[in-house]
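Trainee: Given next are the chains, with one letter for each unit.
Number of protein chains: 2
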Amino acid sequence: MAPSALQQNGHSGEQDLDLTSSAVEHRLAENEPSNGTTTGAASNGVSQPNVHELDASKLTYTFTENPREIPALGVTEIDGNTICTDHMITAKWSAKNGWAAPELKPFGPLSLMPTASVLHYATECFEGLKAYRGYDGKLRVFRPERNCERMLQSSVRISLPSFAPKELEKLIIALLSVDGPKWLPRDRPGNFVYIRPTMIGTQSALGVQAPAEAMLYIIVSFMKVMDKPAGGMKLHTSPDDMVRAWVGGFGYAKVGANYGPSLLATQEARARGFHQILWLYGKNGECTEAGASNFFVVWKTREGKKQLVTAPLDDRLILAGVTRSSVLALAKERLADEVEVVERKYTIDEVMEASAEGRLIESFASGTAFFVCPVSLIHHRGRDIQIPAGKSGEGAPITLHIKNWLVDIKYGREDHPWGLVVPEEH
Amino acid sequence: MAPSALQQNGHSGEQDLDLTSSAVEHRLAENEPSNGTTTGAASNGVSQPNVHELDASKLTYTFTENPREIPALGVTEIDGNTICTDHMITAKWSAKNGWAAPELKPFGPLSLMPTASVLHYATECFEGLKAYRGYDGKLRVFRPERNCERMLQSSVRISLPSFAPKELEKLIIALLSVDGPKWLPRDRPGNFVYIRPTMIGTQSALGVQAPAEAMLYIIVSFMKVMDKPAGGMKLHTSPDDMVRAWVGGFGYAKVGANYGPSLLATQEARARGFHQILWLYGKNGECTEAGASNFFVVWKTREGKKQLVTAPLDDRLILAGVTRSSVLALAKERLADEVEVVERKYTIDEVMEASAEGRLIESFASGTAFFVCPVSLIHHRGRDIQIPAGKSGEGAPITLHIKNWLVDIKYGREDHPWGLVVPEEH
Numbered sequence: 001m002a003p004s005a006l007q008q009n010g011h012s013g014e015q016d017l018d019l020t021s022s023a024v025e026h027r028l029a030e031n032e033p034s035n036g037t038t039t040g041a042a043s044n045g046v047s048q049p050n051v052h053e054l055d056a057s058k059l060t061y062t063f064t065e066n067p068r069e070i071p072a073l074g075v076t077e078i079d080g081n082t083i084c085t086d087h088m089i090t091a092k093w094s095a096k097n098g099w100a101a102p103e104l105k106p107f108g109p110l111s112l113m114p115t116a117s118v119l120h121y122a123t124e125c126f127e128g129l130k131a132y133r134g135y136d137g138k139l140r141v142f143r144p145e146r147n148c149e150r151m152l153q154s155s156v157r158i159s160l161p162s163f164a165p166k167e168l169e170k171l172i173i174a175l176l177s178v179d180g181p182k183w184l185p186r187d188r189p190g191n192f193v194y195i196r197p198t199m200i201g202t203q204s205a206l207g208v209q210a211p212a213e214a215m216l217y218i219i220v221s222f223m224k225v226m227d228k229p230a231g232g233m234k235l236h237t238s239p240d241d242m243v244r245a246w247v248g249g250f251g252y253a254k255v256g257a258n259y260g261p262s263l264l265a266t267q268e269a270r271a272r273g274f275h276q277i278l279w280l281y282g283k284n285g286e287c288t289e290a291g292a293s294n295f296f297v298v299w300k301t302r303e304g305k306k307q308l309v310t311a312p313l314d315d316r317l318i319l320a321g322v323t324r325s326s327v328l329a330l331a332k333e334r335l336a337d338e339v340e341v342v343e344r345k346y347t348i349d350e351v352m353e354a355s356a357e358g359r360l361i362e363s364f365a366s367g368t369a370f371f372v373c374p375v376s377l378i379h380h381r382g383r384d385i386q387i388p389a390g391k392s393g394e395g396a397p398i399t400l401h402i403k404n405w406l407v408d409i410k411y412g413r414e415d416h417p418w419g420l421v422v423p424e425e426h
Numbered sequence: 001m002a003p004s005a006l007q008q009n010g011h012s013g014e015q016d017l018d019l020t021s022s023a024v025e026h027r028l029a030e031n032e033p034s035n036g037t038t039t040g041a042a043s044n045g046v047s048q049p050n051v052h053e054l055d056a057s058k059l060t061y062t063f064t065e066n067p068r069e070i071p072a073l074g075v076t077e078i079d080g081n082t083i084c085t086d087h088m089i090t091a092k093w094s095a096k097n098g099w100a101a102p103e104l105k106p107f108g109p110l111s112l113m114p115t116a117s118v119l120h121y122a123t124e125c126f127e128g129l130k131a132y133r134g135y136d137g138k139l140r141v142f143r144p145e146r147n148c149e150r151m152l153q154s155s156v157r158i159s160l161p162s163f164a165p166k167e168l169e170k171l172i173i174a175l176l177s178v179d180g181p182k183w184l185p186r187d188r189p190g191n192f193v194y195i196r197p198t199m200i201g202t203q204s205a206l207g208v209q210a211p212a213e214a215m216l217y218i219i220v221s222f223m224k225v226m227d228k229p230a231g232g233m234k235l236h237t238s239p240d241d242m243v244r245a246w247v248g249g250f251g252y253a254k255v256g257a258n259y260g261p262s263l264l265a266t267q268e269a270r271a272r273g274f275h276q277i278l279w280l281y282g283k284n285g286e287c288t289e290a291g292a293s294n295f296f297v298v299w300k301t302r303e304g305k306k307q308l309v310t311a312p313l314d315d316r317l318i319l320a321g322v323t324r325s326s327v328l329a330l331a332k333e334r335l336a337d338e339v340e341v342v343e344r345k346y347t348i349d350e351v352m353e354a355s356a357e358g359r360l361i362e363s364f365a366s367g368t369a370f371f372v373c374p375v376s377l378i379h380h381r382g383r384d385i386q387i388p389a390g391k392s393g394e395g396a397p398i399t400l401h402i403k404n405w406l407v408d409i410k411y412g413r414e415d416h417p418w419g420l421v422v423p424e425e426h
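Same order as they appear, the protein sequences are chains A and B. For the record, in the first sequence the residue sitting at position 128 is 128 according to UniProt numbering, with numbers rising by one throughout. For the record, in the second sequence the residue sitting at position 306 is 306 according to UniProt numbering, with numbers rising by one throughout.
So that you can see chain A by itself, here it is in the shape it has in the complex (with noise of 0.2 Å):
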């Protein structure tokens, strides 16, 4: 064969480079207001007219006839399945016709054929926040319009529809209305749910390809309380042979993809005594994420400079959790006389070198699971790494600061625009 065998094509090769975050920008373009109008023609990102958007004004009410009696406080499930409240909320969506009405209904299995793009090919992706019933007697939702917008990054990485995030967030409120009075009832006050807005792709096509079919839903769920483990979180280090997330992977998006594989790692880890796996990433051993958590550091550096330390977003690796943000900007606002916040890589190795030297002052995971969790050890191949974490492993200073200011920010003690009160029908 001869060289012209290798043939210059039409474009450059700049426009190879990035295949997939030109997608993704394609398809949230389609959400932008710019547009005009958001969009449910996710797959060709085209706007068709009879395409129709993600609409929580049409929803529609079916309420059970079968209303089911509230767990006691601290019960969480039965059988080890957990408990959900009455309602759900389920909106189909398909290439062709785009959204169809949202439903509130009874909540109940879903019916799936064998063949659905979500069983084989990991076409689903979740956000998870709280709505908590506060000592005013108000129910609130922490920041929900970043897990929306989340949710719609996420839905579009893992080739699910696009929607408008503000759509999404109505209908959490609208599920959160109805089951908030009861599942969380006024006479409980400093108590919590957990609601999960999930997507799938329903199209019953063995193919590997974009789903032509999808459904989103919410769910309302109750979980335990798990930001004080007795004694504090332990970490073991991820092993050299399994690895979270990887720079042009998915690590920042809430994609199923990035759980499951990761389940070994830690059912084997808890075998050995501890909680969850600390995620390093590369050679050096950059520190990433704590569990499905952020992950922060207190330390004094050489020069004496107290500071609060967490891995940077930028090259997307590790989720933009709320949590995260909420932590940082607190930090930044109100202990700005006492600690520097930083967002860059670390690794392992200074960790242990802070220790060694005295200078590790404080850790915790954050995420709304584990909210503000106090972090007393971290075990890297052989050695463990103590750190303060208060009286029991109840959090050291600046981490029950930081958690007590978002305390009062949830439940309503302080009046702050991050809670947003849900309205209630009775």
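Since the hints were made in silico from the structure, they are not lab data. We put the beta carbon where it would ideally sit given N, CA and C, even for glycine. A portion of the hints provided could be inaccurate.
Claimed, not checked - Label-pair restraints from in silico Cβ distances:
| hint | chain 1 | residue 1 | chain 2 | residue 2 | range |
| --- | --- | --- | --- | --- | --- |
| 1 | A | Ser22 | B | Gly231 | 21 to 29 Å |
| 2 | A | Glu65 | B | Lys96 | 50 to 58 Å |
| 3 | A | Lys182 | B | Leu420 | 54 to 62 Å |
| 4 | A | Thr301 | B | Gln15 | 43 to 51 Å |
| 5 | A | Phe63 | B | Asn97 | 34 to 42 Å |
| 6 | A | Asp136 | B | Asn97 | 26 to 34 Å |
| 7 | A | Ser22 | B | Asn404 | 52 to 60 Å |
| 8 | B | Gly74 | A | Val75 | 15 to 23 Å |
| 9 | B | Thr60 | A | Val75 | 33 to 41 Å |
| 10 | B | Glu14 | A | Val225 | 49 to 57 Å |
| 11 | B | Lys182 | A | Ala101 | 38 to 46 Å |
| 12 | B | Gly231 | A | Pro417 | 56 to 64 Å |
To be verified - Using 30 Å as the maximum straight-line C-alpha spacing, the simulated DSSO-like pairs for lysine-lysine come out as follows:
| hint | chain 1 | residue 1 | chain 2 | residue 2 |
| --- | --- | --- | --- | --- |
| 13 | A | Lys224 | B | Lys92 |
| 14 | B | Lys283 | A | Lys283 |
| 15 | A | Lys96 | A | Lys166 |
| 16 | B | Lys92 | A | Lys105 |
| 17 | A | Lys283 | B | Lys345 |
| 18 | A | Lys345 | B | Lys58 |
| 19 | A | Lys92 | B | Lys224 |
| 20 | A | Lys228 | B | Lys96 |
| 21 | B | Lys306 | B | Lys283 |
| 22 | B | Lys96 | A | Lys224 |
| 23 | B | Lys228 | A | Lys96 |
Guided by the hints, dock chain B onto chain A, whose structure is given.
Mentor: Below, chain B alone, put in the same frame as chain A:
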């Protein structure tokens, strides 16, 4: 804090390195005959007397009362939905009781709670194999034991239960015995159906944890013939912003998490006129897989030696394809005088150089879905690499030799141990 904060733990750091692979080996060992018995007690690795194994001899039969018509030749879907046969097999598993008796029953929807593990955490894996109606009238499956062994590897990797692969094989044969005669009739020799064993985590619990309940199911479907795209298969190399699999990941396992995240780049490549992505790995751009198939090139070395080259399995980046293994074995056995068979890492630059120097002779993708599919073009960073692929892209000589040998084995023109004959009831 004193340096003593860094404590040597009871065990050495060595065992921290291979948390995942040691957990996998541990779980796989449960199914070794040396244990005396296989076990369904996957989650703790201890064989328990009351935990039942997967046992094909317990299969129950419930036949459909609404048999459907078989599709016309070449029809594989209706309105984008894959056509399946009349029946499926399901088997439920729980950590507590192990495997329930498998059931053959009418093909139909599955009922899953919205909280089911598979819908959130991608706790899912699958296999794909075909059954062929031979020109001698017999029904054959191709090396099914390979798929069943790989299914076990995948299941364990994604924290789903273990089982004896032979039992899965028996269930596949049992389903084909029932649906084969009708859906792949003797008057349609030279055709195939596609079998999809699938395992999903069904526990209705939202925590990020290995599911304590799961379901195995087997369905039989129709699938397009994909091994003869007009003009040959055209590949677009993977962008910098999308890595399919990575060392320390799970590229070798047939888990959903390998597929969903790749759909976006594939969709974008298709929009640009290509069939599949050629997945490159690492900063040197090693060629790994083409779409979800293995990838081969035939080139001449600068010394003039003809080689059939494909990526190695040892770093577990790629799927150990059954077709791949068969291609390599046939080439070694039947083309030894003509072609050297080489499993090694090779880069897109080497392929471009071979092309530019007139040494690139052939290329093909191999897999169950795409069989042996000639590749006629690779687009990389603005350049097109043209590859001889025979008249109309039907395949160059070596590709066609291998393909025809495999066709002969699958459709019974050659009696060969790889073609397992399925007993048929009528």
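Trainee: All hints, please: hold or fail.
Mentor: Verification of the supplied hints:
Checked against the hint of 21 to 29 Å, the pair serine 22 (chain A) and glycine 231 (chain B) passes, with Cβ atoms roughly 26 Å apart. The beta-carbon spacing between glutamate 65 (chain A) and lysine 96 (chain B), approximately 32 Å, falls outside the hinted interval of 50 to 58 Å. Between lysine 182 (chain A) and leucine 420 (chain B) the C-beta distance comes to about 58 Å, which sits within the given range of 54 to 62 Å. For threonine 301 (chain A) and glutamine 15 (chain B), the Cβ-Cβ distance of about 34 Å falls outside the hinted range of 43 to 51 Å, so the restraint is violated.
Here the CB-CB span from phenylalanine 63 (chain A) to asparagine 97 (chain B) is close to 36 Å, well matched to the stated 34 to 42 Å. As the Cβ distance of aspartate 136 (chain A) to asparagine 97 (chain B) is approximately 48 Å, the hint placing it in 26 to 34 Å is violated. Distance hint check: the CB atoms of serine 22 (chain A) and asparagine 404 (chain B) are about 41 Å apart, inconsistent with the given range 52 to 60 Å. At roughly 56 Å, the beta carbons of glycine 74 (chain B) and valine 75 (chain A) sit outside the given window of 15 to 23 Å.
A beta carbon spacing of about 36 Å between threonine 60 (chain B) and valine 75 (chain A) agrees with the range 33 to 41 Å that was offered as a hint. The hint said 49 to 57 Å for the Cβ distance between glutamate 14 (chain B) and valine 225 (chain A), and at roughly 36 Å that hint is violated. Checked against the given bound of 38 to 46 Å, the beta carbons of lysine 182 (chain B) and alanine 101 (chain A), roughly 40 Å apart, stay inside it. For glycine 231 (chain B) and proline 417 (chain A), the hinted distance range of 56 to 64 Å is satisfied, since their beta carbons lie about 59 Å from each other.
Between lysine 224 (chain A) and lysine 92 (chain B) the alpha-carbon distance is near 27 Å, which keeps this suggested pair within the 30 Å criterion. Our distance criterion of 30 Å between C-alpha atoms is met by lysine 283 (chain B) and lysine 283 (chain A), whose separation comes to about 15 Å. Only pairs whose Cα atoms come within 30 Å are accepted, and lysine 96 (chain A) paired with lysine 166 (chain A) is accepted, the gap being roughly 23 Å. At most 30 Å may separate the alpha-carbon atoms for a hinted pair to count; lysine 92 (chain B) and lysine 105 (chain A) meet this at roughly 28 Å.
Among the hinted pairs, lysine 283 (chain A) with lysine 345 (chain B) is consistent with the structure: their alpha-carbon atoms are about 21 Å apart, no more than 30 Å. For the hint linking lysine 345 (chain A) to lysine 58 (chain B), the alpha-carbon distance of about 55 Å lies beyond 30 Å, and the restraint is violated. In summary, the hint linking lysine 92 (chain A) to lysine 224 (chain B) is supported, as the alpha carbons are separated by about 27 Å, within the 30 Å threshold. Taking the CA atoms of lysine 228 (chain A) and lysine 96 (chain B), the gap is near 29 Å; set against the 30 Å cutoff, the hint holds.
Our distance criterion of 30 Å between C-alpha atoms is met by lysine 306 (chain B) and lysine 283 (chain B), whose separation comes to about 27 Å. A threshold of 30 Å between alpha carbons decides the hint, and for lysine 96 (chain B) with lysine 224 (chain A) the separation of about 22 Å falls inside it, so the pair holds. Note on lysine 228 (chain B) and lysine 96 (chain A): the hinted pairing holds, with a Cα-Cα distance of about 29 Å set against a maximum of 30 Å.
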